[in-house]
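Those protein sequence lines, which keep their order, are chains A and B.
If you're matching positions, the first sequence starts at 1 in this note's numbering and goes up one per residue.
If you're matching positions, the second sequence starts at 1 in this note's numbering and goes up one per residue.
Careful: at least some of the hints might be erroneous.
Since the list gives no way to pick one copy over another, a pair counts as held whenever it fits inside one copy or between any two copies.
[To be verified] Straight line, CA to CA, 25 Å or less: simulated DSS-like cross-link-like pairs of lysine-lysine:
id, residue 1, residue 2
1, Lys451, Lys100
2, Lys137, Lys522
3, Lys456, Lys100
4, Lys259, Lys157
5, Lys396, Lys286
6, Lys157, Lys260
Honestly, the hints are just simulated from the structure, not real lab data.
Number of protein chains: 2
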Amino acid sequence: MYRTHTCGELRLEHKGQTVTLAGWVQKARKMGAMTFIDLRDRYGITQLRADESCGEEVARAAAGLGREFVIQASGVVEERQSKNPKIATGDIEIRLTDLKVLNAAQTPPFTIEDESDGGEELRAKYRYLDLRRNPLKNALMLRHRMAHEVRNYLDSKGFLEIETPFLIKSTPEGARDFVVPSRMNPGEFYALPQSPQTFKQLLMVAGYDRYFQIVRCFRDEDLRADRQPEFTQIDCEMSFVEQEDVLNLFEGMMVNLFKKVIGVDIKSPIPRMSWYDAMDNYGSDKPDIRFGMKIHEITSAVQGKGFSVFDSVEYVGAITVPGAAEYTRKQLDALTDWVKRPQVGAKGLVYIKLGSDGIKSSVDKFYTPEELGKVAELAEANTGDLVLILCGAKRKAQTMLGVLRIEMGNRLGYRDPHVYAPLWVVDFPLLEWDDETQRFYAMHHPFTAPKPEHLKLFYSDKKEDLEKVCANAYDFVLNGTELGGGSIRIHEADVQQRMFEVLGISKEDADYKFGFIINAFKFGAPPHGGLAFGFDRVCALFGGQETIRDYIAFPKNNVGRDVMLDAPSRIDDVQMDELFLKSTAQTKK
Amino acid sequence: MYRTHTCGELRLEHKGQTVTLAGWVQKARKMGAMTFIDLRDRYGITQLRADESCGEEVARAAAGLGREFVIQASGVVEERQSKNPKIATGDIEIRLTDLKVLNAAQTPPFTIEDESDGGEELRAKYRYLDLRRNPLKNALMLRHRMAHEVRNYLDSKGFLEIETPFLIKSTPEGARDFVVPSRMNPGEFYALPQSPQTFKQLLMVAGYDRYFQIVRCFRDEDLRADRQPEFTQIDCEMSFVEQEDVLNLFEGMMVNLFKKVIGVDIKSPIPRMSWYDAMDNYGSDKPDIRFGMKIHEITSAVQGKGFSVFDSVEYVGAITVPGAAEYTRKQLDALTDWVKRPQVGAKGLVYIKLGSDGIKSSVDKFYTPEELGKVAELAEANTGDLVLILCGAKRKAQTMLGVLRIEMGNRLGYRDPHVYAPLWVVDFPLLEWDDETQRFYAMHHPFTAPKPEHLKLFYSDKKEDLEKVCANAYDFVLNGTELGGGSIRIHEADVQQRMFEVLGISKEDADYKFGFIINAFKFGAPPHGGLAFGFDRVCALFGGQETIRDYIAFPKNNVGRDVMLDAPSRIDDVQMDELFLKSTAQTKK
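Start from the sequences, fold in the hints, and give me the full structure.
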């Protein structure tokens, strides 16, 4: 062993002991005849001191050190003259008796500090240096602790972690699969799993009634910001359970994680909200309930007064921004521009200011002060508040109001990342109609069961009946982000067949793609359900961050490249031939 | 919840309680007016009883049950008339008050019993039914327990589990990579990792001094028996350590696993053996030390007596088979045929029988009884034993003797799978010369460091010097199977460069394939080392099995197919176009 202690471990109580440390030179500064070295490892920083008493050899070695050199240092623990209360080892320093350079280092291309001077691209290329910085180190340590506590909790509840395969069958439903050409089966491909969904259901058929896995998943999507082509899921499934059982168990897991990993007490039961209430009140299926500012429908209060914009739409809704009546014309114009951006997509923004000097609105022409007062009352606004109004088709307008609500929440500082407000969203619609393709899509996935009481509707031929079918589906939402979701599954072959029918998947297609699971359901499938959490995002939110990239040791960039490895890359012709492949990329470029 | 208890849980102390169970019908048998049902779940089997007291509805339901039906059964716990000491719930049965069929089942294509009547192919196709059988269930439960204890142990030692990427860069060195075409980067491919070797070394450079991961790895090899294209590794790496530190830590982990998971006490320290001793004495770099029967060199004792077969070879060696002097001529002929098979590759077999009536040998013509006695003495043979002799080039002959030794160990019942004899094999040669390609290959991999005391030899230009270079490399061997291995790594850029040079990898090639890691070593790489265990095989051996397939939930068959999924499979033209690929499989077929 190259060391007797780590760099985070020594205290005054070790005074007088001879120790050996090893690590990286964070900083070396010469002060007259003395050299002070901050030695860093994963556990902390310890100050080393080389002075005249150390002998010439040590002094020379100390003088030659550069940033990030790897050294082994022996010496005696002494009390510091000037203590550093900011670090755990700040009371002591090591007076050196021996100093060995284990490996010299080139000067790193950016500073290894909490706030680095390196740009994102540069830090990505030298990820192994970026990973030396505290924020990333703390992120990966949090991630380890999270995974470990998840496993401990689920093990204590009788769950078995069972590994499912990565080389599976391509079933192009939903997102695109990454595929893997098979050399041994010419012309054929494996797919990488988008999730172990079918496998965990097969494990339920096989009788493993409590399954989980922390597992990598793959989706070949056009990357949106903060999406990764490979990501990690906490994947779970249980048999002989109803929705209530699943929610209770995983609520327990999350409460336990909050407590054990970041010391936060979450009140149980975690609130539950139906999908319909979430949409109506928050304009989102993943509401941030750290703050109110709910959406209020004001359609009937504003229609029929001659304002054609409102008269021509299905829905008018409002949110009240507390204390924002002072917003200037300029600010309101900017806000109007903001909601008109394609990311929000509103046609315009109507406001009512409840100033101390009376009510003012951008639609004064059409409404009397009393009528505006009525609207403000519906929007639960008081003097000093600002009411913001959007309109359109109901769900679309609500969604826009939801986005506006989040923006105003940010501006008002309502969204402290270290306040945690979890929520279950329940009672999702089973199906979503898509106007463009004129067909239904599964809101979660094609294995989600309709609520038993909606089974009759599910077998109806009418679109409006099918739209009403609810699922025993649920999402775990934290601070406006969906961290996980799941459902009670279909366990009867005929209901599954009906689902494929409703989704417009032909019997042939269903048999080809899902034959094995349809088949499996014929041999005694138990009632079952489960859920999956997006582990990268769970870690990021627990760490108080919104982006996941720091919580992944070696992430890809926005076009799916690993710039450190320079991957993906060309492969040689021999490999292509062995795989029976030809690239058409040249001609297409 | 569909149940109050599991099927493995009820005892006499529950007598009189009303309970609800759910599970699969293992068996239903009608005896007069009564029906007995064995209800099975993951936890055990409980007997249900339907009799006249249960009412007509329950009786009818019970009569309609078939094998593997999924049912929910309520009733009262009663003491059994005739107890079954073979099962934990054997003292009680449930007198039914309610019986609900949750899902009917077709008759399974094979019996769900410890010994099934189904063939391998059929059971693979219906893997979800095969997984219901006890041997597979126990295998997967053991695997879960193993993984959990590995994680607990390493966490307690300060290791961080850090996930490394699956979509990486293809570096065709060693085995073939599976590759993944990139849609977003036309003409380019990711590779699936053969192991996280380079990533764990980068993590060491990044300062994460104790890393581990239980991680899937991929190798596109022509499958040998009991190899899988995807397999799982316990992958570990440490910084600031020497070989001794690594061995001690993972010896502790294995001893802990033996104790915690299967209750076996392993004496520590686990024996260590140099690679040279292993080859000389056991003809294998993974000796089974559950039994002796060591190899003895007898070259000088048999050469120069006119037997040209021995005179013309480099090496003659012998093993002594205790008590086998009784082997008949027929048995010895069969054994001779056995060693002549291409899997062993011997040209012939010489024997000496030490019968109670004197010494007999197949080479009586060339040797006097005294000379043969001398050989028997060298081979540590006593009266009643059989000495078996092979010859050839030294390592090749030793290897053949090693194979013969294992065979004789099997025949003599020396290889009880529930006796555990672990061993560290150490001091491996760094390089292996390949006559065919006339170059050196890394015995472990190109990141293994030469022993410091052999550094000078390592920089020599002479083949015979390079052959002598030893590595601080080590394998963990159990009962004749290599379960894991590792080494102290190169941490200096110039030594790594020299390694690529010795392996005939050009600077350009090395830069292209390993540039990122060569580069990383320039920025302060600590001394480090680690190892990896083949987790599938560790589980199988702990379970007392030699084949890994039962310890993997959804394995592939011998040509890399998942016969349940029917994967790999063709993908559609749209997918091929999106990936800029054309298949040449048609024309090549």
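**Hints not upheld, ascending by number** = none
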